[in-house]
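Q: Residue numbers (the numbering used here), protein chains in the order written: chain A, -8 to 160; chain B, -2 to 359.
Rather than coming from a laboratory, the hints here were simulated on the basis of the structure. We put the beta carbon where it would ideally sit given N, CA and C, even for glycine. Accuracy of the hints is not assured; some may be wrong.
[What the hints assert, rightly or not] These stretches of chain A come out as covered by chain B in the derived footprint (C-beta under 8 angstroms, 3 or more residues): (1) -7 to 1; (2) 16 to 28; (3) 31 to 45; (4) 55 to 63; (5) 86 to 92; (6) 104 to 112.
[Stated by the list, open to error] With a straight-line cut-off of 20 angstroms between C-alpha atoms, the simulated DMTMM-like cross-links for lysine to aspartate or glutamate are: (7) B:209 to B:281; (8) B:209 to B:54; (9) B:209 to A:93; (10) B:209 to A:22; (11) B:209 to B:221; (12) B:209 to A:29; (13) B:209 to A:113; (14) B:209 to B:236; (15) B:209 to A:97; (16) B:209 to A:92; (17) B:209 to A:-4; (18) B:209 to B:121; (19) B:209 to B:83.
[Claimed, not checked] Quick partial rundown of chain B residues pointing at chain A, CB under 10 angstroms, derived from the structure: (20) 74; (21) 169; (22) 180; (23) 181; (24) 187; (25) 188; (26) 191; (27) 216.
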Amino acid sequence: MDAIDLGARRYIWCRGQAAWLMGPPAAQWLEDLRGALDAGQEGLARHVSRQLAEDCAVMLALALSHGRPVPGPSMRGAWALERIAGHPAAAECWELIRGLDEVPVDDELHERCARLQNQAREVVGHVPDALTPEGYYPALGLAREWIELVSAVGESGFLPSEWTRGSDA
Amino acid sequence: MATIDTDRSAELAERLRRYHGVGLDRVLEVIDYLRDEGDSVLVGGSLAYGLGNHRSDLDIVVAAPADGESSSRMPLEHFVDSLRVDVWKLRENELEDLFARARDGLASEAPFEGAFGDVFEQADLKLLHRVAYGVVIDGPPVLGGAGGANADVARDLLVREYAERARHSILVAQLAVAAGRPKAATINARLAIEEALTALVSARGLPFSDNKWLQVRLAGEASDLRGLYDAFAVLPASDREAAGFVARAVATAQRLLGLDLAVAALAADAGWECERLRLYAAGELRVLVGAADDVVFELSAAEADAWAALGPDPRPRCADCDPTQGSILFGLYAAGMARLRWARGLPPAELTIEGEVRDGRD
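My request is simple: use the sequences and hints to build the entire structure.
A: If you want it as structure tokens, here you go:
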């Protein structure tokens, strides 16, 4: 057993944000990257690898340094990079966010991004992709467990806004 | 019902066959349960605009008559073999209301600030473009058909939205340089260029699907802008190069949008909002506490005095902040505890972007 040397509220909030706000988009970026590489769309590959790296950096920052709150989109990439400095994935996050001089339209870039996503998932945990037939119901089931957990520590709201619109006003 | 938009429907159908082996007839069959007499099926999104790939989903708007079935702002998800089909069912009068709101927004001086979708969802922006530029695959034309006045509204709204975003990003980039945050500076400088280019590409009448397609546009229909973007596509490896990178981005964004984007010019219209923190003193300790966010910031005595001078729930203009106040507020912004707001938007008449576009066309 590991005793978490942090307030329960902050710990759960950060893990929930990392898993739900950043995890599903990161998975979607990897899908987009596959499509871009198969279609030879270098510009799209460049964009999505950058976005995936930023989401992974934010996931790691939340789970490892428990930063709260997450800043707005314009600052969160830099915010996350500061917090994960020294982590084995930090250099790769920065390289991909920085952008690639040459984008290899082949599997190498996909492998790099998949590796990074797996590193983040090892820390944060895996959320099934609700946008796929096989992930839809597992994602809903996991969401229900998370709602119970965050409610237990007096927190609310980590699901994507489109999941909760109308019920969290 | 008559099928219109024959050429574009045929191109779309060919794409679906190539990527998924699926015909438009099967798509119509799957979503048939959502349809009523007299409605239209409109396809928008990347696949309809000649972008997309085999992983792209198909975005469909079923436009119902004003007295049609109840509507949903959230898409209903379907799968036709490997093709994901997202369907919004909306009444035509709701679409008319959205365009009316867009026209009001364009006529107003108030900044958009997410009124038509935030950075992630962009829901209304995309919907406006689906209606204005989408492909009707079955049923009568929607709101008078593609193009025309609705396309002008959709185009101008996007131009203004992205011009305002570019203004925001370029100010953040310059403030980040001043605050010694080089990565935030360069990330925002590149973002500002991308937003300015999106405004420019949109002004040319190219429909919008998502930010992620900008670079594909720059490799295709807008290839004359590719060289300009290439200078900013990769951020400097060294933090020491950040200030120069941002300065070049400011100059380029100014040229693209026809605006003065220097901090001195922007600071009068930009302001900070920070109502989630309270200053406390305990002996020599000075702290800003955000109880709801479970955060605390320790201040020096001079910083505490500068903060106190802002009053409770500070909302100062950037131009009115002294260097200490500006430094604290930018630090809070970087930590997610302050917002940067604008007193006014950028009505299209203030942008010279159309002139740039005409030059580009000529």
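Q: State for each hint whether it applies.
A: Against the structure, the hints come out as follows:
1. Counting residues of the region -7 to 1 of chain A whose CB falls under 8 angstroms from any CB of chain B gives 3; the rule of at least 3 is met.
2. Here the region 16 to 28 of chain A counts 5 residues with a CB under 8 angstroms from a CB of chain B, which clears the bar of 3, and the coverage holds.
3. Remark: the region 31 to 45 of chain A is confirmed as covered by chain B, as 8 of its residues place a Cβ nearer than 8 angstroms to a Cβ of that chain, reaching the required three.
4. Counting residues of the region 55 to 63 of chain A whose beta carbon lies closer than 8 angstroms to any beta carbon of chain B gives 5, which reaches the threshold of three, so the coverage claim holds.
5. Counting residues of the region 86 to 92 of chain A whose beta carbon lies closer than 8 angstroms to any beta carbon of chain B gives 5, which reaches the threshold of three, so the coverage claim holds.
6. Only when three residues or more bring their CB closer than 8 angstroms to a CB of chain B does the claim for the region 104 to 112 of chain A stand; here the count is 0, and the claim is violated.
7. For the hint linking residue 209 of chain B to residue 281 of chain B, the alpha-carbon distance of about 50 angstroms lies beyond 20 angstroms, and the restraint is violated.
8. Note on residue 209 of chain B and residue 54 of chain B: the hinted pairing holds, with a Cα-Cα distance of about 14 angstroms set against a maximum of 20 angstroms.
9. Pair hint residue 209 of chain B plus residue 93 of chain A holds up; C-alpha atoms about 18 angstroms apart against a cutoff of 20 angstroms.
10. For the suggested pair residue 209 of chain B and residue 22 of chain A, the alpha carbons sit about 13 angstroms apart, so the restraint of at most 20 angstroms is met.
11. With a C-alpha separation of about 19 angstroms, the suggested pair residue 209 of chain B and residue 221 of chain B falls inside the 20 angstroms cut-off, and the hint holds.
12. Distance hint between residue 209 of chain B and residue 29 of chain A is fulfilled; the C-alpha atoms sit about 16 angstroms from each other, no more than 20 angstroms.
13. For the given pair, residue 209 of chain B sits about 27 angstroms from residue 113 of chain A by alpha-carbon distance, which is inconsistent with the 20 angstroms threshold.
14. The straight-line distance between the Cα atoms of residue 209 of chain B and residue 236 of chain B is roughly 26 angstroms, outside the 20 angstroms bound, and the hint therefore fails.
15. The straight-line distance between the Cα atoms of residue 209 of chain B and residue 97 of chain A is roughly 19 angstroms, inside the 20 angstroms bound, and the hint therefore holds.
16. Note on residue 209 of chain B and residue 92 of chain A: the hinted pairing holds, with a Cα-Cα distance of about 18 angstroms set against a maximum of 20 angstroms.
17. Note on residue 209 of chain B and residue -4 of chain A: the hinted pairing is violated, with a Cα-Cα distance of about 40 angstroms set against a maximum of 20 angstroms.
18. Of the pairs offered as hints, the one joining residue 209 of chain B and residue 121 of chain B holds, with about 17 angstroms between alpha carbons and a cut-off of 20 angstroms not exceeded.
19. The straight-line distance between the Cα atoms of residue 209 of chain B and residue 83 of chain B is roughly 19 angstroms, inside the 20 angstroms bound, and the hint therefore holds.
20. For residue 74 of chain B, the shortest C-beta to C-beta distance to chain A is roughly 7 angstroms, which falls under 10 angstroms, so the interface hint holds.
21. Among the interface hints, the one on residue 169 of chain B holds; its C-beta lies about 5 angstroms from the nearest C-beta in chain A, closer than the 10 angstroms criterion.
22. Interface restraint check for residue 180 of chain B: the shortest CB-CB distance to chain A comes to about 4 angstroms, inside 10 angstroms, so the restraint holds.
23. Interface hint at residue 181 of chain B: satisfied, since its Cβ lies 4 angstroms from the closest Cβ of chain A, which is below the 10 angstroms cut-off.
24. Among the interface hints, the one on residue 187 of chain B holds; its C-beta lies about 8 angstroms from the nearest C-beta in chain A, closer than the 10 angstroms criterion.
25. Given hint, residue 188 of chain B at the interface with chain A, holds; its Cβ is 7 angstroms from that chain's nearest Cβ, closer than 10 angstroms.
26. A least Cβ separation of about 9 angstroms between residue 191 of chain B and chain A falls short of the 10 angstroms threshold, and the interface hint therefore holds.
27. Interface restraint check: residue 216 of chain B against chain A, minimum CB-CB distance 5 angstroms, threshold 10 angstroms, status holds.
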